[in-house]
Amino acid sequence: MNKNDTLVKTLFVGISLCLVCSVIISSAAVGLRDQQKYLKQKDQQSKILSSAGLLTNQKSIEELFSAIEERVINLDTGEYEDSLDPKSFDGKKFEAEDYSRDPLTSIKLTTDVDISSLKRRENFKKIYIYKEENEIKAIILPVRGLGLWGTLYGYLAIESDLNTIIGLEYFSHKETPGLGAEVDNPRWKSQWKGKNIYSSAGEIKIEVIKGLVEPESPEKKYQVDGLSGATVTSRGVSNMLSFWLGELGYAKFLNRLKEEIERKESLNV
Amino acid sequence: MSKSREILLNPIFNDNPIALQILGICSALAVTTNLYPTLLMCIALTAVICLSNLIVSVIRNQIPTNVRMIVQITIIASLVVLVDELLKAYDYETSKTIGVFVALIVTNCIVMGRAEAFAMQNGPWLSFLDGLGNGLGYSLILIVVATIREFLGSGSLFGYEILVLTQNGGWYLGNNYMVLSSSSFLIIGLFIWLLRSWKTEQIEEPEYKVARNNLETKEAGTRV
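As given, the protein sequences belong to chains E and A, one line each in that order.
Each residue of the first sequence is one higher than the one before, counting from 1 in the working numbering.
Each residue of the second sequence is one higher than the one before, counting from 1001 in the working numbering.
One thing to keep in mind: the hints can contain errors.
To give a feel for the contact side, a few chain A residues facing chain E, derived at Cβ under 7 Å [unchecked claim]:
#1 GLU1006
#2 ALA1030
#3 SER1078
#4 VAL1081
#5 LYS1088
#6 TYR1092
#7 VAL1164
#8 GLY1170
#9 SER1181
Selected chain E positions facing chain A (in silico; Cβ < 8 Å) [claimed, not checked]:
#10 ILE25
#11 GLN36
#12 ARG187
Below, computed lysine-lysine pairings styled on BS3-like, alpha-carbon distance capped at 27 Å [stated by the list, open to error]:
#13 A:LYS1096 with E:LYS174
#14 E:LYS119 with A:LYS1199
#15 E:LYS126 with A:LYS1096
Honestly, the hints are just simulated from the structure, not real lab data.
Backbone N, C-alpha and C define an ideal beta-carbon position, used for all residues, glycine too.
Pulled out of the complex, with its shape left as it was, chain A reads as follows (with noise of 0.2 Å):
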């Protein structure tokens, strides 16, 4: 696999944003009951990062060190206004349930996380495509909880009606948790177990092990 290849291709599932470092599931959980906002706002999030990272690595040589994580908020924080003035003038139904999460984009990890541990050590090209891959990752696990929510949530998909809700005179009962943010947490964690018994690489080593006896090996071990 090529250079660039490997890099817009490897945070989709080897290295996801959301599912391995566990970052940015804020908006995850927030905007996903729905899919057609959630394709927004993944949109929102890729033009955000990609941009973000081209930016920061075109100027990287000229930042001064103590100051670069303002430099590179102040650059999110630009982007995220006009993706947000954008959306308004363009989509305002839209813009009127996700407005306040898409203006969150600037406190998310991901974006951040791009710029300084990527952006800030690489050319324009690699960052742009590292930009991408990390958006693409992010919008993977949000168009995945969204379908899985707005599909037993409300039964229908991009509001296009599948299963006949009883409120409309049919006979699907929505699933009230699903419509709540709470049920993200679920199916996010249940993606991770998914991903990680496919890829176990991924497992993480327990950051703590209850040891059997632990006391007692020592002491044997230095009656020894």
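Isolated chain E (complex conformation) (with noise of 0.2 Å):
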């Protein structure tokens, strides 16, 4: 029998590797951590300074983000929750999204309102809020649901009209490279600049739909032109902007601010 083959030195040799390879993935991974939760955070800033067209090369990310609000809103009030401290709101995956698993800070959604497949919507939403001379002048909003392989997460942009889209950036998803992914295209997303979410009557109308935009179409400023070849994902993006927008997602919160921006104009007036 060969002298390595024994008990003792069989368990010697597994705790010993055990032990040396626990404390050096341990090590590194406490060691990484800071730099890792840095990298993720500015891709997120970077991601909702974009969708709000305040991406510049000239300043830094951090010095750009400093300008941005950070406030934690109620959805199921409309208020704000300043019990709530924006900066630890964070969830540990993307925007509170764990919050929507505890049954405490979420609602179950049934299946004819639950268009976008979030199964849970979490009660309370960090939002973004860009004020210029104490205007509010984009309010970002964090927005999930299902494409075809995967949930996209990302943050859609609003003037203080409260319906002219700034834009829509995702910073996260699964979609197929050169079909669903095209989210990502910057030409693609150039588009949504100016489209109006509401008709005068107060309905959703925005929407991805298929194939392209008729530029004599009244309908156009609701409309953005279908990602060629990814049905599915054009329809989940459609999906979740309905959701988001709607009365279990932001509208409770949007109909409380426009309310406040216009009691605010009249003492200005």
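Make the complex out of the two chains shown on their own, each in a separate frame, by following the hints.
Below, the structure written as structure tokens:
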């Protein structure tokens, strides 16, 4: 018998190998954690800025992002939730998605309203507000929803009239490169600018249509070209906007904010 | 050719892990839509295979034979986690797209195959070179596949647009088949065909042959 094949030697090699490997891995994980967190945060911040068209090369992302106000809102009441600190509100994964798993902080969605296959919806959301001279210029709302292969996570930026879109930016998705992943194509993304969400009657009209938008169509201010070869992704994008801009999404908050802005304007006049 | 040079260069054309041994093609299918992530994947795999060969070779005389595969896989898995953490810390954008495939290097047959077949029998320096050679052999195929796929599928190389796509207002209609994983099979197949027409000694003996009238010749044989 080989001298290495004794029970003692086997246990010794096994245990010491495990110890050495675990020490190396855990020290790498701990040592690199801050750097990883920093990059992840920077990536997210750059997407938030770019959805609102604020990303420029002249200034660093930190500098640009310092102008953005973070607030936590309650989706059921539409009010700001100041008891929750936005700085520490971030979920472990993306944009507080973990809060949607906890029955205390989320509601279950029935299949007829769950058009974006979210299953549960968190009650609190962190949103981002960009102000210039104390006047709201852009509101950036996190959105998510099912595409073809998985959930798309992104930010929708709207103007202070709460109806005109500034941009839509995704920071995480699993769509097919070249087809569904064209949601990242700058040319496609540029179409969102200036589109309207609600009709004058208050209905959600914005959608990604199949094919190209007719230049003559009266509906064109609510429509965005479909991604060719990616019908399911296009529909996913439409659905997630309808969901998050609807009653179960940000509608209550947006209505309340609209009143607030109007009240402020009437005072100024 | 000296021994170490042979060990280093052989796996590139003469004994390529993907083209001749048909090992490790899973990641060759998945990460090769664009050149940049492919390059990072190649570096990651080459680093893992070099280090795992080196470590396995250094401790090979201490490894009990009945648990040697467990020991090898533990070493490989630790290295993979390390590479994955480093990637996340230094290139978050790319790690979002290839992260899961980096983690899957653990199951890449080339890495464990070399540890078992070469590093367990040879010294550290030669094992390191063998790892490097196999890593380069793997990288060669991946880079060829990724160049073809990115060029025909997205009209660009390393993300720089060369053929302007129709969706960006140009003339080139991207080949949608090339952005799907299955196109890698086609390209790897063509590559193997080219390689074997050049190096004919790589052509395998057919495993099964249909003989003409097997029974008749046998019967004729017994009759005589």
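- May I ask you to test the interface hint for A:VAL1081 with respect to chain E, counting a Cβ-Cβ separation under 7 Å as satisfied? holds (5 Å)
- Can the hint on A:TYR1092 be confirmed by a CB-to-CB distance to chain E that is less than 7 Å? holds (4 Å)
- Query: Against chain E, with CB atoms and a cut of 7 Å, does the hint on A:SER1078 hold up?
  - Reply: Since the shortest Cβ distance to chain E is 4 Å, the answer is holds.
- Item | Evaluation of the interface hint that places A:ALA1030 against chain E, nearest CB under 7 Å | Violated - the Cβ of A:ALA1030 stays beyond 7 Å from chain E, reaching only about 11 Å at its closest.
- Closest C-beta approach of E:ILE25 to chain A relative to 8 Å, hint status: With Cβ-Cβ at 5 Å, under 8 Å, it holds.
- Quickly compare the C-alpha distance for E:LYS126 and A:LYS1096 to 27 Å and report which way the hint goes. Cα-Cα ~23 Å, so holds.
- Return the status of the interface hint for A:GLU1006: holds when the least beta-carbon distance to chain E is below 7 Å, violated otherwise. violated (30 Å)
- Query: Under the criterion of a CB-CB separation shorter than 8 Å, is E:GLN36 in contact with chain A as hinted?
  - Reply: holds (5 Å)
- Is the shortest C-beta separation between A:VAL1164 and chain E less than 7 Å? Given a least distance of 11 Å, the restraint on A:VAL1164 is violated.
- Query: Is E:LYS119 close enough to A:LYS1199, meaning Cα to Cα at most 27 Å?
  - Reply: Violated - the C-alpha atoms of A:LYS1199 and E:LYS119 are around 57 Å apart, more than 27 Å.
- Message: E:ARG187 was flagged as interface toward chain A. Is the shortest Cβ-Cβ separation under 8 Å?
- Response: Because about 5 Å separates E:ARG187 from the closest Cβ in chain A, which is inside the 8 Å limit, the hint holds.
- Message: Let's test the interface hint: is any C-beta of chain E closer than 7 Å to that of A:LYS1088?
- Response: holds (5 Å)
In terms of the numbered hints stated before, the structure departs from hints 1, 2, 7, 8, 9, 14, listed from lowest to highest.
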